[in-house]
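Chains as they are written, first to last, in my numbering: chain W, 21 to 281; chain F, 12 to 1017.
One should not assume that every hint holds.
[As the list claims (entries may be wrong)] Pairs of lysine to any residue residues, derived as SDA-like cross-links and limited to a Cα-Cα distance of at most 20 Å, are as follows:
| hint | chain 1 | residue 1 | chain 2 | residue 2 |
| --- | --- | --- | --- | --- |
| 1 | F | Lys-347 | F | Lys-134 |
| 2 | F | Lys-745 | F | Val-705 |
| 3 | W | Lys-60 | F | Lys-832 |
| 4 | F | Lys-745 | F | Ser-729 |
| 5 | F | Lys-123 | F | Arg-148 |
| 6 | W | Lys-60 | F | Asn-724 |
| 7 | F | Lys-840 | F | Thr-378 |
| 8 | F | Lys-134 | F | Tyr-116 |
| 9 | W | Lys-60 | F | His-40 |
| 10 | W | Lys-60 | F | Ala-135 |
| 11 | W | Lys-60 | F | Pro-966 |
| 12 | F | Lys-832 | F | Lys-745 |
| 13 | F | Lys-824 | F | Pro-966 |
| 14 | W | Lys-60 | F | Ser-47 |
| 15 | F | Lys-776 | F | Ser-43 |
| 16 | W | Lys-60 | F | His-75 |
| 17 | W | Lys-60 | F | Lys-840 |
| 18 | F | Lys-159 | F | Ala-136 |
| 19 | W | Lys-60 | F | Asn-44 |
Hints were generated in silico from the structure; no laboratory data involved.
Here are the chains, one letter per residue:
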Amino acid sequence: MDPQLTEVSQLFERFKAAFVRKDFDTCTNFLSQLKVLLTKFVSLPPLFENTPNAVNELLLAGEIYEHAVVLSVKIEDQDAFERDFFQLKPYYTDVGSRLPLSQQEYLILGLNLLRLLVQNRIAEFHTELELLSATALENPCIKHAVELEQSFMEGAYNRVLGARQTAPHETYVYFTDLLAKTVRDEIAGCSEKAYNYLAINDARQMLLFSSDQELFEYCKEVSVQVTSIISIKCEFFFKGFGKQRLFRLVPNDCRSILSRR
Amino acid sequence: MSAGAATMVSSAGGLLAMLNESNPQLKYHALSNLISFVDQFWPEISTSVPIIESLYEDEEFGQHQRQLAALLVSKVFYYLGELDDSLSYALGAGPLFDVSEDSDYVRTLLSKAIDEYVSLRSKAAESSDDAAKVDSRLEGIVERMLDKCILDGKYQQAMGISIECRRLDKLEEAITRSDNVHGTLAYCINASHSFVYRREYRQDVLRLLVKVYEKLPSPDYLSICQCLMFLYEPEGVANILEKLLRSENKEDALYAFQIAFDLVENEHQAFLLNVRDRLSAPKSLPSESVQPGSSNPAHAQNENSTAPEDVQMTDGSSAVHEADPNEVMYSERLTKIKGILSGETSIQLTLQFLFSCNKSDLLILKTIKQSVEMRNSVCHSATIYANAIMHAGTTVDTFLRDNLDWLSRATNWAKFSATAGLGVIHRGHLQQGRSLMAPYLPQGGAGGGSPYSEGGALYALGLIHANHGESIKQFLRDSLSGTNIEVIQHGACLGLGLAALGTADEDIYDDIKSVLYTDSAVAGEAAGIGMGLLMVGTATEKASEMLAYAHETQHEKIIRGLALGIALTVYGREEEADTLIEQMTRDQDPILRYGGMYALALAYRGTANNKAIRQLLHFAVSDVSDDVRRTAVLALGFVLYSEPEQTPRIVSLLSESYNPHVRYGAALAVGISCAGTGLSEAISLLEPLTSDVVDFVRQGALIAMAMVMVQINEASDSRVGTFRRQLEKIILDKHEDTMSKMGAILAAGILDAGGRNVTIRLLSKTKHDKVTAVVGLAVFSQFWYWYPLIYFVSLSFSPTALIGLNYDLKVPKFEFLSHAKPSLFEYPKPTTVPTTTSAVKLPTAILSTSAKAKARAKKESEQKANAEKSTGPESSSAAANAEKGKSSSEKDGEAMQVDNPPEKKSEPEPSFEILTNPARVVPAQEKFIKFLEDSRYVPVKSAPSGFVLLRDLSPNEPEVLSLTDSPTSAASPAGGSAPAAGQQSSSSAMAVDDEPQPPQAFEYTS
């Protein structure tokens, strides 16, 4: 075996060990070393030179990048996810025919779809979808993402928020959580336009929170600043989304006083 | 595995993603791979350009990597069509931008870079401060490009670029390193004339060229001297000539003569005189001859250069007994070269040529004369003008002589121009000019003659001595100061201006100025023009003096004369003249604006300068005065004469203007710039104008058409025949307007100018402008206001001949080949039958063979007639004639031999013809001229026309001379008295003296 390849695979073994240990800092270190080493292989994208070890090298590199993608999810770094995914992609699209199908492929494609959904990049989401084969669409991981998108588009936000339970893989949880936040952002954005005032109860219901406490936390998280209770009774404001625009949550009994827009 | 080769990347996404990695090695990897895929994936990469740009600007990133990033961005911008950005990043890429790469990207960017560099450099040069510092990286790229061109042997490209970039150092390198230095130098001279628009810069280029030339092991002195002339460095030319003359080698002397002839062709009188005066006299002591040319005795000699030449000659010959043979040889050669430089030799030879080959058709004149009404003085004098033009320089005044009665109807100014016409006919008759005109000249005090003929005679003297007036200057000055009759002053001013053309002689200027200040309209006009002629191209500060007087005086005539005069002073000064032009074109007085148009025309003559053209077009459509508009369009002709193909295109819209003045201007503009070219577009543009509704437009169009068609015969363009018939029709038509009739008569004269042996040429063979010719045409175009100025057109005539000369500057018998059908360039057939039948007969196709036979028959009869005429006491003349006849029959015989003996009607015309020295070679024919290889004489320079020095390969054999004898023979002492010997026919007299004799005086009987 090629000494370089051996070196890479040994390093990769150590990376995997660290990965299992969930020592993600070490993993990141190893990963960057691995990537540098990989640049020395001419058989890898984008050159694809036909060397005797090409298949082995491609396989190994593909696996490394798959791990890199998963790692990025684990460390919750979306930028790294995007970077690693794009570097991984040629292994699926360009040399897919020459390599045995990777176990992780659909899982990772699904993750990417989810990521696009989370980042609200719907156009890219559909572009990616169009590139998938019919068999891929049957895969539960992909299906999950597609269904989520459909629910999201329909406005069936309850289903979206319920998707956490149906996640096909543990890594999906990260994105479904993010998605829930995306959904709430969307709802909040619409409500801001639609209502001048909103009762706290309604707001909680609309944003699908189980308790007022969660609602307040969300408010705290999203808005730049929550203005404290200013009216004697119940009315309080928070600034919505940093747009300097007031979004008021009004207790139910005050609603009659204030007209709807 | 086998599928691996086919694997291609489908997206640059991976690599782009890699750019965001934190590890610089990965970034570098991504960059270097992106570079190779940019051609394919630039749309994807373009979205990431900001990232790559930030990499380029990242100080921590390695130098190489940053340059790589710059190159990548540059390529993406190139694909996006943002060439400016692309170039600035390519500059950032430093050495990675490989100028030798053969790709669209590199080529496009290189041309962009060069354009950019050129514009920066020229801006820097024009603003003349170093504030506009050129990006050194840009300079680097251009330099790399130039080096590469030179290495690849693409010297012309390298030279072109370096000329444009004003990189004379690189230009020099390109020339010296090229494999054919002479070729590249010639190319470079050409390029500098046609593409360098700024005069000062052109001079820099030429100076460099001279430097390079001088370093060569075998310098091409012909070209050096041309360059030096452009630079106005007479000293350099004189040194070279002297070196060549002092050489042991006879061939070097031939070279020197050739150089002198070529210089003379450019008609730069002041320069030539300067060169002549700088040639040092032969040394009387051998020891002195070791000293360099410009030693003290030479200076002493130069100081009294006013002394006639023969003084110097006797100096040389007196030293013969003690001087070494070299000095004798030198002094002999010096005499010859001085003769050439003063223009006398070439004028003499031209005169002989024009006289001996005169083919003017008197029948045409006769027809004109008969059809023109006696009482119509305009047409009457037009006929006289036409005669003068037709016989310009031929010394043949038979027509005038035969029609003395008719001629005597010319009165007043018509008499003035009739007398002046003699000057045109005898143009160049330097030795005897004065004795010729003697009967008409003012006879100091004993004023018997009419002032009109006296004034005309002075004008005629000017025309005879145009641009070579050394000998006549003093006489004209005396005549000017000796009279206070304004008509005589008029003639004297014009004559002086012509004779002292461009010499900037202060004394003459003062003389003329005093005439101007008499504030007489007639004399003042001529004074203004005369001052301009005197100061041609000097850009003298006297122009402001003239301008001031133009504002002061009340006479329009004087203002007009001055306006033209001022315009003449800035001749050829290009940018230098801009202030004056600005001043004139902004003037309130339309006449001065009109002068401004001429100033533009003359300052930018033949440069095709865009700025000047734009300005002229602007005035052509926006000025309120018709005169100014007409002149503005006309001036285009002068600016564009170096590129005649352009003119018809530029003025085509103007020629359809509603304003007849603009149409007239357009016609003349085409006539001037396309003169003698027979350009098809020009003829097409003029044709409709010759039947315009307005009479003066027809006049202009007819004249312009004649100028375009000079020396073009029917075989090369059938429209020439049509035009001749049209002229005839107009002249014969009783109801035609006088204006267009006059135009037709003049056109007939111009069409057959100079005995059908001259053309109108504004550029010499070396692409230098011919001052006299351009000035001549400029003043000629004034005939709109003042008919006698028509004669100035004769200044623009140049003989179309190849005259071969041997070491003794004589014309040996020498043959060469014209590789074209003879019929293409032969003389037009003489009109032999009464006009009515000829009109029917002409259009029928005449087989060339029969035409030839006819021509020969005619020639024979002519010879016979000649022989009969010369049965006088002078047997020698018969011999001379016989010899001439022999040579021409020999020529025929040779043509026949080639032709295969029996002449049948069906036989095709020969595809070439043998010409004998000296021969008429029309401009269109020049490219067909070939010298025979086994000839006894070999030309020093293979020029197809003009004066060519011939090297004699068998110098010991006796030479057969074909033209008349030595031109150096002293002027015939009988010159003055010959006319008295009444019966002598002029032709026989000529044979004796080897010189056309002055004609007899004739008196006006009115």
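Would the pair Lys-824 of chain F and Pro-966 of chain F pass a check requiring their Cα atoms to be no farther apart than 20 Å? The hint holds at about 14 Å.
Pair hint outcome, Lys-123 of chain F versus Arg-148 of chain F [Cα-Cα no greater than 20 Å]: holds, 14 Å
Are Lys-347 of chain F and Lys-134 of chain F close enough, with their CA atoms no more than 20 Å apart? Since the Cα atoms of Lys-347 of chain F and Lys-134 of chain F sit roughly 48 Å apart, the hinted pair is violated (cutoff 20 Å).
Does Ser-729 of chain F lie within 20 Å of Lys-745 of chain F when you go C-alpha to C-alpha? Given that 20 Å is the threshold and the Cα spacing comes to 27 Å, the pair is violated.
Decide if the proposed pair is consistent with the structure: Lys-134 of chain F and Tyr-116 of chain F, CA atoms, cutoff 20 Å inclusive. violated, 27 Å
Given the hinted pair Lys-60 of chain W and Lys-832 of chain F, is their alpha-carbon gap at most 20 Å? violated, 76 Å
Checking one constraint from the list: CA of Lys-745 of chain F to CA of Val-705 of chain F, max 20 Å. Satisfied? holds, 17 Å
Hint consistency between Lys-840 of chain F and Thr-378 of chain F [alpha-carbon to alpha-carbon, up to 20 Å]: Holds, at roughly 16 Å.
Mind checking the alpha carbons of Lys-60 of chain W and Pro-966 of chain F for me, to see if they're no more than 20 Å apart? Cα-Cα ~83 Å, so violated.
Given pair status - Ala-136 of chain F, Lys-159 of chain F, alpha carbons within 20 Å: Outside the cut-off at roughly 25 Å; violated.
If you draw a straight line from the CA of Lys-60 of chain W to the CA of His-75 of chain F, is it 20 Å or shorter? holds, 19 Å
Given hint His-40 of chain F paired with Lys-60 of chain W - CA-CA distance at most 20 Å: Cα-Cα ~9 Å, so holds.
Going through the hint list in order, the structure does not satisfy hints 1, 3, 4, 6, 8, 10, 11, 12, 15, 17, 18.
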